[in-house]
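Asks: Place chain B on chain A using the hints.
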Amino acid sequence: MLILLLILVPFIGGLASFLFGEKMAYAWAVFTSLLTLAIAGTAYYFYSQATHTTDLSFDCPWIESIGSTFSLSMSDGLSVLMIGLTGLLFPCVFISMQNKQPERKHVFYGLMLLAQAGLIGVFLAKDALLFYLFWEVALIPVYFLSSMYGGPNRIPVTFKFFVYTFVGSLVMLVALLIIYNHTPVHSFSWDAFVSVGRSLPEADQSWLFWMLFIAFAIKMPVFPFHTWQPDAYEQSATPVTVVLSAIMVKMGLFAVVRWLLPIIPLGSIHWMNVVLLLCIIGVVYASCMAMVQTNIKRLIAYSSIAHIGLMCAAIFSYSNNLLGVQGAYIQMFNHGINIMGLWILVSIVENRLGTQDLREMGGIAKIAPRFTIALVLISLANIALPLTNGFVGEFMMLNGLFNSISTYRMVFTIIAGLGVILSAVYTLGMIQKVAYGELNEKTASMKDLTMNEWIILLVIMGIILFLGFYPNALMLLVDTP
Amino acid sequence: MLNLVWLVPLFPLIGFIITGLGRNHLGKASGWIASLAILASFVVSALIFIELKTLPEDIAEHTTGSHVVHLFNFINTHAMQIAFDFQIDALSSIFLLVITGIGFLIHIYSISYMSHDEGFGKFFAYLNLFVFSMLLLVLGANYLILFIGWEGVGLCSYLLIGFWYKNIAYTDAAKKAFIMNRIGDLGFLIGMFLLYSKCNALDFKSIENMMPTLMNDPSYITAVALCFFIGATGKSAQIPLFTWLPDAMAGPTPVSALIHAATMVTAGVYMIARSNFLYSVAPIAQQVILIIGLATALLAATIATQQNDIKKVLAYSTVSQLGFMFMALGVGAYTAAIFHVITHAFFKALLFLGSGSVIHAVDGEQDIRNMGGLKKYMKITYITFFIGCIAIAGIPPLSGFFSKDEIMMHIFTHGTNGKIFWILGMLAAMMTAYYMFRLLFITFHGTYRGKGHPHESPALMTMPLIVLAALSIVGGFIGIPEVFGGHHALNAFLEPILLKSQALQTSIYELSHQNEILLMGVAVFIACIGITMAWFGFKKYNAADTTKGIAKFAEDKWYIDELYDKVIVKPLFGISKWIEKIIEKAGIDGIVNGVGRLIQVGSTKIRLLQSGLVGFYLFMFVLGIILLFALQMWLVKF
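Residue numbers (our numbering), protein chains in the order written: chain A, 90 to 570; chain B, 51 to 688.
So here's chain A without its partners, still in its complex pose (with noise of 0.2 Å):
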């Protein structure tokens, strides 16, 4: 019952805002998210003691006459990690919008509730057909968000943003069905996805790979179905580009791991150097694109997709004991803490000066201590600096990669580890061109955090020097005999 309540509460939640009104809304919006980040925690720790195993796995006949259950299973430890990010994420964003609410609260809010539930749904789903929907529900909360509230080119921006991820949800319907058509006794659940999956010859499995890696490379993105991404981030509500960013791309990557890499085994091997070759040419690509913008969330848009690059190379490395898996399993959680904290720190900047023109900046150290504090230190888990979350992941990804059963495993690895270096390139320019310097115009009226972002900003550089110091406390999630 437990893992139902984690969609339920979120769901009715959103429900409920709609009806509450305006005013209620943001403590509302509070209170619901705090709760499901409590039975997050609870999960959690029924997980890691596997104790309640019962409350982790819920089943029940849904459309039974096409063989669909409703089937819900916190099975492993990348599920844990990304309903603990969404779990966690949520809350933080609602509390550091205080300052800043949004018009239409209920609505917002509401839509927001929303696609969390749809994205838990994502992450615990075991049949196609409810992953395929909560796929969907988690998509079209997000779609009116964007819409609704962001920058003057939003709904251009959104209608292309709605387009490619549509059209990539699509082509991935198309395939579970081809697979479900195979099924010797019709059904959607997962298992017999595997079964029947692997069991289809080399010739199929090779184009249904592309058809389901589309889908979700879209929504990672890797290169080159990127472009909807900068635009997005860049004129999308700040909140709504945390949600995108730090878990809607993820959504990606753990449909590769749960629902292409074990069903299709052998076209993912066969297109193991493409796929390869294209993640490391978004790593390098997108990092150079990240060098030269003006514009802060572009900057920041550019910078996920070489990160985002760098995970999917890793899950797709075959590598010897899971090393590249695990360290993408953790980088995945990790990243998902950065970036919002990053996010939340441009949409201060962005609230307090008027402007996403990193030239316009400048100077700010000096009169807002703890934001630079913030910027720097997140910033540097951006670029993976040890002792910082980033670093573990990272190191295990490349480490991963460079012992990866791919032929060009050499070559990838150093191409991918200019990321490395370009990283710092850009993110100094970054905390430089907003922190450093003199003041102008704009800039010396910057007030420095309020309590509240002052809080959920320490809540987060602590997640980020814990896990820095001590990562081992994620790895007993990830790691699989």
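Hint data in this document are derived by calculation from the structure and do not stem from the laboratory. It is possible that some hints are incorrect.
Unchecked claim - The following label-pair restraints were derived from C-beta to C-beta distances:
1. A:Arg448 / B:Val93: 45 to 55 Å
2. A:Asp165 / B:Lys616: 21 to 31 Å
3. B:Glu168 / A:Asn409: 47 to 57 Å
4. A:Gly443 / B:Glu168: 25 to 35 Å
5. A:Val548 / B:Lys78: 49 to 59 Å
6. A:Asp165 / B:Ala636: 51 to 61 Å
7. A:Asn541 / B:Ala636: 41 to 51 Å
8. B:His120 / A:Ser295: 44 to 54 Å
9. A:Val548 / B:Glu168: 24 to 34 Å
10. A:Glu291 / B:Met265: 35 to 45 Å
What the hints assert, rightly or not - Here are the simulated BS3-like cross-link-like pairs (lysine-lysine), alpha carbons at most 25 Å apart as the crow flies:
11. B:Lys78 / A:Lys455
12. A:Lys522 / B:Lys78
13. B:Lys631 / A:Lys249
Each residue gets a CB set at the ideal place from its N, CA and C atoms; glycine is no exception.
Replies: Frame of chain A; chain B shown alone:
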């Protein structure tokens, strides 16, 4: 005491937390708290050193005398096990003493030097964080923990170079230092991946034990050794990654003394000495190190002879001296390299702090053309600076003479080309004497050319100068060669660690005592020539000359910065901008938007079919059936 080694980095960490949190409230106290933290570390380090020295042979593990202290599991999965372990042995304990000892003196000095700075508390927090990272670096029992400290000191260097963040040039220098170090770090990372892929471990002991099997694949060993060396070129400012160090002088002078002279930049030397088991069986890598070290020593020395910024001269001198250390590593003379690290830490810290004292006296002026005659105004600074100069020039019996001489002896007897390397090395040594005394004469002799009234620095600044000057004088006595009846205490202390690698290569020089004395005589004579040239050139310096020709070339640092800018930085940004414009916006996005538009246009056309005329629909319906029939007939036919 050995099991309490974690106390050594813990004190600076606590100091960092206290001074960091209290940076706005503690005032001047933060300087003393930070210094106290380092002093506490120094005391523990000294106790560890004493214990290690008196450790009975049978207790010392495997006779290498190294002691591993397990703290916690850093990474522990089926794929990878890496422990957060500290390794304490002769090599790390020497570095502990140097780091905390000199670190303490520089902290004390900084209390006075930085007293008027508004970032006083922050400065000491960073300085403590640096010492913490540096201690992690030398204590780590595996390459990953070493790497944590390695990048940690890079971060502190970044923060401290850009300490005065309002000046964009300074933050540019900080950024440059970090990025150049990162280039090296990528080499380091790949070295670790290479090691891990075969050894499934990263700790020094396991890898050392695996060497007999790894040696069957010399190209693999060479690749690993060269990858780590790339890391070392970044951190220790060797060709081609040395250009960040002179720019790093943007930081406060105590930082230059501690980080960019005495400790951090020697991390590369430490790392290679620590990996001696690897390098001793990788002769090609050693040859590369020797050549790079020599080239760096020469190049930096030529540049140093033409600089007019007091700190820039010292910076290039540091690069050059690091080149000497790498030359020693290149011929497998690890003890000599460590010896030079120690003595160099003494006299270069002294020289930097002395230059800080000078800068303090002349209100922040750094151009030596605007100084002169300062010996009248600041006696202690002058005398100590003079001691530093003769120490670095290699005049016996000061410390620099012994360590540099030991390196040169090893080079002289190394292989067939050893004598050529020796001659070139001596050329660099002559330039060292020349540029140091040029600096001394221009700064302290002649008449004062600047404005204001120079004054001697307060006791808090001169005390560390005196202590370091004393160390620069006597520091060489830890390694008196046999020819003078000494028995080289440092060599005896470090020997257990180097046993295995020394067995593998015959680098211990064998020179008759007569020849050794002769070579020493030549070395001293060459140093004296350098000093004399400086004396005649600059005893009455008037700052009117302009440089031209080769000198101008050296003054402009061989245009290497400009070269990197033209060949790497500008093209990288240019290509990125081009890609954004052509491929990203017009290409990929253009295709996507094009497809979108095509669908839009297409659908407006298709929409026309839905006219609402029943007759038209009927017509289409019939047409469709006819087509189907036709298709069926066509199919049947085949």
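Asks: For every hint, state whether the structure bears it out.
Replies: Here is what the structure says about each hint:
Roughly 51 Å separates the CB atoms of A:Arg448 and B:Val93, a value that falls within the hinted 45 to 55 Å. For the pair A:Asp165 and B:Lys616, the supplied restraint of 21 to 31 Å is violated, since their beta-carbon distance comes to about 52 Å. Distance hint for B:Glu168 and A:Asn409: a CB-CB separation of about 54 Å, consistent with the stated range 47 to 57 Å. Take A:Gly443 and B:Glu168: their Cβ atoms lie about 29 Å apart, and the range 25 to 35 Å holds.
The hinted window of 49 to 59 Å between A:Val548 and B:Lys78 is violated, with their beta carbons roughly 33 Å apart. Between A:Asp165 and B:Ala636 the C-beta distance comes to about 43 Å, which lies outside the given range of 51 to 61 Å. Between A:Asn541 and B:Ala636, the C-beta spacing of about 43 Å keeps the proposed range 41 to 51 Å intact. Between B:His120 and A:Ser295 the beta carbon distance is about 49 Å. The supplied range of 44 to 54 Å therefore holds.
The given range of 24 to 34 Å is respected by A:Val548 and B:Glu168, whose C-beta atoms sit roughly 30 Å from each other. Look at A:Glu291 against B:Met265: about 42 Å separates their beta carbons, and that is inside 35 to 45 Å. Taking the CA atoms of B:Lys78 and A:Lys455, the gap is about 20 Å. The hint holds against a cut of 25 Å. Proposed proximity of A:Lys522 and B:Lys78 is contradicted: the alpha carbons are some 31 Å apart, above 25 Å.
At roughly 19 Å between alpha-carbon atoms, B:Lys631 and A:Lys249 fall within 25 Å of each other, so this suggested pair holds.
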